[in-house]
Amino acid sequence: MTAVVEEKSVIEFKGRMLMMTVLQLRTLDASQLHQEISQRLEDAAQWLQEAPVVIDIHSDLEIDHVNLMPAVDTLRNLGVNLVALARTDRIDIDTASTLGLGTLSLAGGRDVPRRTEPVADTSAQGASQQSERVETMVVEQPVRSGQQVYSRGDMIVLAPVSTGAELMAEGNIHVYSNLRGRALAGVRGDSSARIFCQQLNAELVSIAGHYRVAEDLPDAHRNQPVHLSLQGEAMHFTALK
Amino acid sequence: MTKIVVVTSGKGGVGKTTTSAALATGLALRGFKTTVIDFDVGLRNLDLIMGCERRVVYDLVNVINGDANIKQALIKDKKVDNLFILPASQTRDKDALTQEGVEGVFRALREDMQMDYIICDSPAGIEKGALMAAYFADEAVVVTNPEVSSVRDSDRMIGILASKTRHAEEGKGDIPARLLLTRYSPERVEKGEMLSVEDVQEILAIELLGVVPESQAVLNASNAGSPVILDTDSDAGQAYSDAVARFLGDQLPHRFTTVNKKGLFGRLFGG
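Protein chains in written order, with the numbering used here: chain A, 1 to 241; chain B, 242 to 512.
Since the hints were derived computationally from the structure, they do not count as laboratory data.
All the given hints hold, so there is nothing to weed out.
Listed below are the simulated DSSO-like cross-link pairs for lysine-lysine, each with C-alpha atoms no more than 27 Å apart in a straight line:
hint : chain 1 : residue 1 : chain 2 : residue 2
1    : B       : K244      : B       : K405
2    : B       : K312      : B       : K274
3    : B       : K317      : A       : K14
4    : B       : K312      : A       : K8
5    : B       : K369      : B       : K405
6    : B       : K319      : B       : K244
7    : B       : K413      : B       : K369
8    : B       : K413      : B       : K244
9    : B       : K274      : B       : K319
10   : B       : K369      : B       : K244
11   : A       : K14       : B       : K319
12   : A       : K14       : B       : K312
Negatives, chain B to chain A, calculated, CB over 10 Å:
hint : residue
13   : L270
14   : E410
15   : E439
16   : E448
17   : D476
Beta carbons are placed, not taken as given, at the ideal position from N, Cα and C, and that holds for glycine.
All chains should be built: construct the whole structure from the sequences, respecting the hints.
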């Protein structure tokens, strides 16, 4: 038996739930892609350049090792944040790694109801910077078990959220009632997002992918008005008066 | 050799989840590494009966879709060693289940987790969810109430088990299906208000695994999040314990099937 030496690990695996944007290509023609994407970047520069992107090649397109490279390079040069190629029967890990990309299966993905991309206000030519303000979603009806609600900005819920329901927001979540379901704030990685509720009975709370299940919520805050925030990697619970 | 057991009925509300929880717990108590899976996608309740509803992060559909691996999704039971729970999704529905996906989950449980038993808590009905729960099963427990509509639905389910499982499709015939009669009341049977064990067996003609009496312990167990088999003082708990023993091959006489007649001494001295 060899002796086992205890060493402090230099790595740590962490589980995260992350949102990605799928960019489906309907052509592999580099110049067509360049034209359309640079047009869209003018309208929505910040969003498009930061969003982690998975490229999905439309099933009608012919693929060979040669024609993928120009398309991928075009996207890269335009500053698109490329992460991976969608894994299909025609695209495997080797194909992707020659292009310097990973692969992802889209089979798990849940379609996320999103508003249309932010469109530049063409009437006000002076405004060159796209405003970052996204509308707050206000929910006045109870959110029932099995329902999912997604907001690109903040979310305000004025009625109870049942066990088995899911609230997801890129911004903050406020529940002015009993939160019994799941609340995931900052789903696109905004670690400054917060969760507020009048009665904390959540099944799971998460801010920018750092989550806690019901069992791990501090007893003192159960069923109380609470404000949750992320400080570094730790979740902070503050009583609301 | 991993055994996959489906707990099914056809009719809703007869005690499949209560039975799945009790059977899985009973097997784990006897040292078998057991996982109980909730196949009722969208209407999950096994996690409540097992008392782990506050520890659910990932579910069966997450594993099928590759969002999480089996080790991340399985919840280890706190009361009993060797016992694991794989909850259902609450936000999806049965369309999320695919044959390849389910097969993959079983493979992971068999090869990566070395499970001895996999108990599948089927949803009610005879559509996709129920069929998917039964498809890969090696054995079935058919839960029935001693009541005409439940018996008819169980009969339908037994017929489906004979043809819609992988065993049947590979020409290996039907899988062994045993009857678990639940919510039995000997007093009502005596009054002629309820079907007797013999009546039900005559119609269904499958081996009797056990008879579980109608008992307040079942509701108490579900409220406490502790499977009723752990309530060893209760009639229902003991009946499930007997059923697990029979499941493993012991020959035990069936209890709780006759009215408790008090003799003279019993009436004089109570008890």
